[in-house]
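**Student:** In case you want the letters, here they are:
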Amino acid sequence: MDVQSRGMQGEARSREILLSCKGIVKSYNGPIVLDHVDFSVYRGEVHSLVGENGAGKSTLIKIITGATNRNEGDIIFDGKPIPLEFSRRDAQAAGIACIYQELSLIPGMTVAQNIFLGKEPLMRGVRIIDKKAMNRMAQDLIDRYQFPLKATTIIDDLSIAHRQLAEILKALSDKASLMIMDEPTSSLTRTEVEMLFKIIHMLRDQNISVLYVSHRMEEVYHLSDRVTVLRDGKLVDVLERDRISPAEIIRLMIGHKLEEKAVHHRLVPKNGPVVLEVRNITSLGKFEDISFDLHEGEILGIGGLVGAGRTELVRALYGIDPIDAGTVRYLGKPYVPSVQKAIASGIGFIPEERRRQGILPTQTIRTNIAITNLDVIAPRHVTSRKREQELAMDGIKVCNVKPADPLHLVGNLSGGNQQKVVLAKWLVRNLRLLFIDEPTVGIDIGAKEEIYEHIQRLAASGVSIILVSSDLPELTRLSDRVLVLRKGRIIKEFKDCVLTGEKILRAASGITEEVEDEA
Amino acid sequence: MKHKALSTEIKLLAVLAGLMVALSLLSPRFLTIDNLTNVVWSVCLIGILSSGAIYPRITGGIDLSLGSMAALTGIIVDRFMNHMGLHWIPAILLTILIGALIGLFNGFIVAKIKVPAFVVTMAAKTYLYGIALVVSQGAMMAILKPRPFLEIGTGRLLGLPNPIYLMAVLVAVSQFVLRKTAFGRKVMAVGANETAAQLSGVDPDRIRIVSYTISGATSAIGGVVLASLTQQVFAAAASGIELDVMTALVIGGTSPVGGRGSVAGALLGAIMVAFIINGLNLMNIPAPYHPIVTGTVILMALLLNEGQFKGKFGRAAA
Amino acid sequence: MSSHVKRRLVLGGLMLVIIIVLTLINPVFLTMGNIQKMLQEAAQTGIVAIGFTLVMITAGIDMSIGAIIAITSMVSINFLTYTKLPVFAFVPVTLLVGVFAGLFNGFFITRFKLPEFIVTLATKGILSGLALVIAVKDSMGFVQNVYIQNDSYLWFGSQTFGGIYRTTIAFLLLGIATQFFLKNTKTGNNIYATGANPGAARLTGIDTDRVVVGVYMFSGLTASISAIFISSRMMTAMPELGLGSEMDVIASVVIGGTSFSGGYGDIWGTMMGAVFLALIKNGILKLGISPWVQPIVIGGLIVVTVIIDVWQKKLGEAIRTRARLRKIGPTAKAA
Chain C
8 MDVQSRGMQG
18 EARSREILLS
28 CKGIVKSYNG
38 PIVLDHVDFS
48 VYRGEVHSLV
58 GENGAGKSTL
68 IKIITGATNR
78 NEGDIIFDGK
88 PIPLEFSRRD
98 AQAAGIACIY
108 QELSLIPGMT
118 VAQNIFLGKE
128 PLMRGVRIID
138 KKAMNRMAQD
148 LIDRYQFPLK
158 ATTIIDDLSI
168 AHRQLAEILK
178 ALSDKASLMI
188 MDEPTSSLTR
198 TEVEMLFKII
208 HMLRDQNISV
218 LYVSHRMEEV
228 YHLSDRVTVL
238 RDGKLVDVLE
248 RDRISPAEII
258 RLMIGHKLEE
268 KAVHHRLVPK
278 NGPVVLEVRN
288 ITSLGKFEDI
298 SFDLHEGEIL
308 GIGGLVGAGR
318 TELVRALYGI
328 DPIDAGTVRY
338 LGKPYVPSVQ
348 KAIASGIGFI
358 PEERRRQGIL
368 PTQTIRTNIA
378 ITNLDVIAPR
388 HVTSRKREQE
398 LAMDGIKVCN
408 VKPADPLHLV
418 GNLSGGNQQK
428 VVLAKWLVRN
438 LRLLFIDEPT
448 VGIDIGAKEE
458 IYEHIQRLAA
468 SGVSIILVSS
478 DLPELTRLSD
488 RVLVLRKGRI
498 IKEFKDCVLT
508 GEKILRAASG
518 ITEEVEDEA
Chain F
11 MKHKALSTEI
21 KLLAVLAGLM
31 VALSLLSPRF
41 LTIDNLTNVV
51 WSVCLIGILS
61 SGAIYPRITG
71 GIDLSLGSMA
81 ALTGIIVDRF
91 MNHMGLHWIP
101 AILLTILIGA
111 LIGLFNGFIV
121 AKIKVPAFVV
131 TMAAKTYLYG
141 IALVVSQGAM
151 MAILKPRPFL
161 EIGTGRLLGL
171 PNPIYLMAVL
181 VAVSQFVLRK
191 TAFGRKVMAV
201 GANETAAQLS
211 GVDPDRIRIV
221 SYTISGATSA
231 IGGVVLASLT
241 QQVFAAAASG
251 IELDVMTALV
261 IGGTSPVGGR
271 GSVAGALLGA
281 IMVAFIINGL
291 NLMNIPAPYH
301 PIVTGTVILM
311 ALLLNEGQFK
321 GKFGRAAA
Chain V
57 MSSHVKRRLV
67 LGGLMLVIII
77 VLTLINPVFL
87 TMGNIQKMLQ
97 EAAQTGIVAI
107 GFTLVMITAG
117 IDMSIGAIIA
127 ITSMVSINFL
137 TYTKLPVFAF
147 VPVTLLVGVF
157 AGLFNGFFIT
167 RFKLPEFIVT
177 LATKGILSGL
187 ALVIAVKDSM
197 GFVQNVYIQN
207 DSYLWFGSQT
217 FGGIYRTTIA
227 FLLLGIATQF
237 FLKNTKTGNN
247 IYATGANPGA
257 ARLTGIDTDR
267 VVVGVYMFSG
277 LTASISAIFI
287 SSRMMTAMPE
297 LGLGSEMDVI
307 ASVVIGGTSF
317 SGGYGDIWGT
327 MMGAVFLALI
337 KNGILKLGIS
347 PWVQPIVIGG
357 LIVVTVIIDV
367 WQKKLGEAIR
377 TRARLRKIGP
387 TAKAA
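Going down the list, the protein sequences come from chains C, F and V. Numbering-wise, this note's numbering puts 101 at position 94 of the first sequence, and it's gapless, one number per residue. Numbering-wise, this note's numbering puts 126 at position 116 of the second sequence, and it's gapless, one number per residue. Numbering-wise, this note's numbering puts 139 at position 83 of the third sequence, and it's gapless, one number per residue.
Source of the hints: derived by calculation from the structure; they are not laboratory data. Since the model is a prediction, treat every value here as computed from it, not as a measurement. Among the hints, erroneous ones may be present.
[Stated by the list, open to error] Covered by chain F, according to a simulated footprint, are these stretches of chain V (three or more residues, beta-carbon under 8 Å): (1) 338 to 349; (2) 356 to 363.
[Claimed, not checked] Non-contacting residues of chain V with respect to chain F, defined by C-beta distances greater than 12 Å in every case (computed): (3) M88; (4) F164; (5) R167; (6) V175; (7) L186; (8) A187; (9) V199; (10) R222; (11) L299; (12) S317.
Just so you know, even glycine gets a beta-carbon here, dropped at the ideal spot from N, CA and C.
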């Protein structure tokens with residue numbers, strides 16, 4: 008990254024507070040996600056918000072942008088108090104703009120049309136859009152901020168990065184004084200990232216505040232005037248410019264929970280026979296030159312930031328997406344992944360986003376468990392009710408699904424129990440290898456512990472597991488060995504050592520020097 | 011789900027019983043053998059078509075070509091037997107094969123080229139009607155032979171019309187396939203959540219193609235039965251029957267967005283539709299008026315079904 | 057932009073070729089009378105297709121348009137037969153019937169979140185039955201074929217100065233107005249936004265439900281406008297009038313480049329599509345081919361056009377991702 012663009016070179020910034028949050032409390036029916044958090048953004052600064060997954064970042068952002076409402080606490084924006092009931096529309100009207108990851112542009116329309124959607128300039132006296140004026144106003148806006156865009160280009164013809172710029176323009180035209188960017192660089196190329204950074208600097212020079220949320224430490228380091236660190240729903244610290252360093256941020260994010268076994272874990276090598284042998288596999292634009300061996304009964308953790316290629320790697324190995332180059336051997340034989348073959352030969356897959364990818368919501372627990380076990384239930388195409396019921400009861404018992412009624416609709420279960428059903432449909436099989444992608448997102452503590460126990464018991468019984476997780480305590484606690492991906496490549500392997508979440512995060516962030524300060 | 015399907019079916023039975031009582035009170039002609047035979051015939055046709063049409067519907071698609079398909083296959087089977095001199099058995103088998111192939115073609119476009127199902131099958135409905143016109147030269151043709159062919163529709167076994175047995179077999183087979191076979195599970199899974207199904211080892215494209223093929227085959231069977239029953243074939247023979255079939259499916263609890271459905275429910279739906287139509291006939295309301303009632307019934311059934319799932323995961327599977 | 061210009065050029069070129077071939081085979085084709093008739097045909101379908109285009113831009117579908125044509129023409133016939141009301145007094149009422157049918161569709165679709173397709177199919181059933189109920193009947197209860205003799209009503213379907221049918225002129229004017237409306241008003245923008253990205257549209261403050269109800273009402277309106285022109289031209293109307301015409305309409309809209317997934321398309325395309333379709337149908341007639349082939353051609357055209365559209369889109373996407381991968385490739389290596 009361009010070093011000279013880092014920060015604002017000591018130039019004095021205004022200390023006028025634009026956004027001030029005091030004592031924000033939020034709980035989603037029970038567990039407290041934000042616990043009396045104070046947070047403020049100055050006018051015209053780039054402020055980063057960091058924290059591990061589940062630290063409460065996204066909830067705070069949602070509260071500020073009106074996507075959800077807080078339970079307690081005061082927010083003052085631009086001198087005006089923000090009421091408890093506050094919608095996304097209200098936030099926009101107040102001047103808070105969010106550059107969404109799922110882009111909020113209208114395809115098929117021009118940049119100018121998108122910028123002025125809902126507030127098109129009309130000709131005098133008639134309700135007809137003055138297109139000339141609209142294009143001119145849009146182009147003026149573009150020129151003022153020197154964006155590499157044209158007002159009349161259709162959105163569909165723009166790259167993702169340029170679409171983001173169009174969104175920023177849209178926010179600018181709304182006179183936004185606070186712009187929130189949530190992981191804006193996760194699908195941008197290097198040059199595109201540099202372009203975005205230039206724009207962010209430009210915004211700051213125009214006295215617009217940018218609230219930047221990212222897992223990428225080097226970006227946070229290069230951009231931020233201040234950094235707020237959250238951990239477990241609480242405010243940890245606010246770092247001023249001179250205290251910002253990737254290592255310090257990571258230290259604060261992870262905290263001093265070193266005595267806890269959850270984050271401080273001794274990796275013991277497992278040297279059983281090799282189950283999966285991966286050599287130099289590449290999938291264009293997703294991951295590159297990945298090689299590793301997976302041993303029997305081993306839990307291989309895969310760490311890395313969002314967009315590092317972790318999910319893509321397990322999807323390719325399971326046979327959903329194609330592999331462009333490299334070889335895979337499974338149980339000693341050459342193996343070309345395909346989903347059907349995988350299931351037939353003892354491989355299972357627990358996807359991320361269980362609601363979208365994991366469950367059949369309108370069907371029963373029994374049918375959900377049956378769908379991956381049709382070979383057992385219906386060896387000659389006809390299903391055996393008896394065997395199906397046995398499998399379902401088996402799965403429910405093993406995974407402790409509640410309610411223990413095989414005829415209950417899965418869509419009506421809690422998140423934790425839905426995940427248990429997804430787990431159960433594989434656990435009732437004779438597995439050799441299981442891919443697990445983010446198994447405990449949005450699941451309460453109790454169910455989480457149960458799922459951990461299952462994963463460990465499974466490994467103890469000889470099943471090899473590849474575990475992708477952004478939850479660092481989860482990764483350090485469960486794994487026997489950890490590979491860290493960065494930008495599609497293996498950047499670090501942790502084995503036979505003491506592992507902490509901090510080490511993983513440092514590696515994932517590209518900080519290569521070793522941490523000395525702990526045993 | 012089993013609980014729910016069962017309760018839907020029981021509710022339907024209750025409504026049906028009520029409907030029968032009402033009809034017999036309304037018209038003394040209702041409970042006569044002749045009248046009930048008429049009802050049975052129309053139940054048979056809708057039932058046969060529904061037993062296959064339910065598959066595309068559960069995968070989240072729809073087959074609107076079945077009316078044109080039934081008419082066309084009726085014409086084709088007549089051509090085979092009475093113009094090309096084929097024996098009636100191979101003629102029927104060939105006709106069903108043709109129906110299946112057309113269904114396969116529809117399914118291929120829906121699954122592989124990802125064109126919305128209603129567009130594909132609606133277009134198919136149109137061009138199949140055209141083909142039927144061309145083949146029949148736009149004429150209505152009477153089928154007077156062969157005898158065994160006519161027996162399929164008009165004959166009786168143990169006092170009951172033959173089509174009843176055919177329909178019963180098809181509905182039973184279809185219900186069996188849907189509930190008791192791996193294929194049936196896969197169809198439901200594709201409709202409920204395509205991604206999850208795929209990750210569980212189901213090939214959604216293949217399931218879709220097979221579903222439309224089945225629907226094509228049952229439409230052809232329906233066409234053969236219709237031709238034999240009415241002893242005449244013409245291009246518009248079954249036009250508009252897709253509305254009746256969809257009504258039967260909706261009443262029978264097949265979800266408008268896919269993932270759920272029951273052939274037994276659809277059969278009850280078919281009986282209900284047939285009773286309603288029969289009731290209208292008994293009250294001397296001519297056939298072209300009937301869509302007013304079927305249309306209203308569809309909307310009402312949709313609203314009732316929707317209410318069941320609202321707020322939980324109504325359109326989540328869409 | 058360029059892709060739909062290309063599409064228009066291809067369509068225009070195709071039409072030119074067809075015209076030349078048809079003229080060579082049958083010189084009757086290129087006579088004033090035939091072209092006038094052909095354009096009138098195009099206009100009758102096209103007027104409905106204009107409303108339908110708006111529905112499709114919002115990613116919806118309206119299967120009830122044929123039935124709306126049937127019921128509106130029956131309402132007109134009733135006014136003509138049983139009242140002495142002047143035409144200008146009852147035509148607005150007739151049009152309101154179509155608008156109300158659209159409101160009904162829109163209400164069920166937005167209020168209960170039901171699939172557009174099944175709702176409008178049900179409406180189709182209800183309206184086509186109702187058309188028969190209100191049809192003018194003789195003492196035996198048989199539907200009477202009313203011969204329209206009201207000159208002011210026949211004015212709609214007859215020719216004007218220069219020999220161009222009023223239907224064609226209405227089609228042109230309505231097309232131009234709707235195109236202008238779509239591209240130059242806020243509501244027009246809202247219609248596109250609702251179809252392309254409803255979530256984002258709502259966030260910008262667009263009431264998407266209102267937009268949806270509105271386009272179905274407009275679709276009902278255009279169907280009833282067309283009904284008046286058709287019945288006036290035929291000087292009579294049957295309760296079956298318009299039934300099945302939805303396929304012609306869908307074909308026009310699809311050929312014109314409006315996509316089923318919403319957000320794309322415009323009236324120029326639809327107007328070209330309508331003329332193209334009329335040309336094909338006219339050609340079939342003029343070549344002495346059996347009219348029974350027409351449904352085959354129309355159904356086939358829809359399937360082929362949609363397949364080409366999907367393929368083209370896929371191809372474009374593939375090229376774009378390839379280009380993108382090439383860009384990302386070296387970065388990944390450098391990391």
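**Student:** With reference to the structure, classify each hint as holding or not holding.
**Tutor:** These are the hints, each one checked on the structure:
1. 338 to 349: Answer holds; 3 residues pass the 8 Å Cβ test.
2. 356 to 363: The restraint on the stretch 356 to 363 of chain V holds, since 5 of its residues have a Cβ under 8 Å from chain F and three suffice.
3. M88: 30 Å, holds
4. F164: The claim is violated: F164/V sits with its nearest Cβ about 7 Å from chain F, within 12 Å.
5. R167: Since the minimum Cβ distance to chain F is about 10 Å, R167/V lies within 12 Å and the statement is violated.
6. V175: 7 Å, violated
7. L186: The claim breaks: L186/V does not keep its Cβ more than 12 Å from every Cβ of chain F (closest is about 6 Å).
8. A187: Given a closest Cβ separation of 9 Å, the condition is violated.
9. V199: 9 Å, violated
10. R222: Check passes; 29 Å lies beyond 12 Å.
11. L299: 9 Å, violated
12. S317: 8 Å, violated
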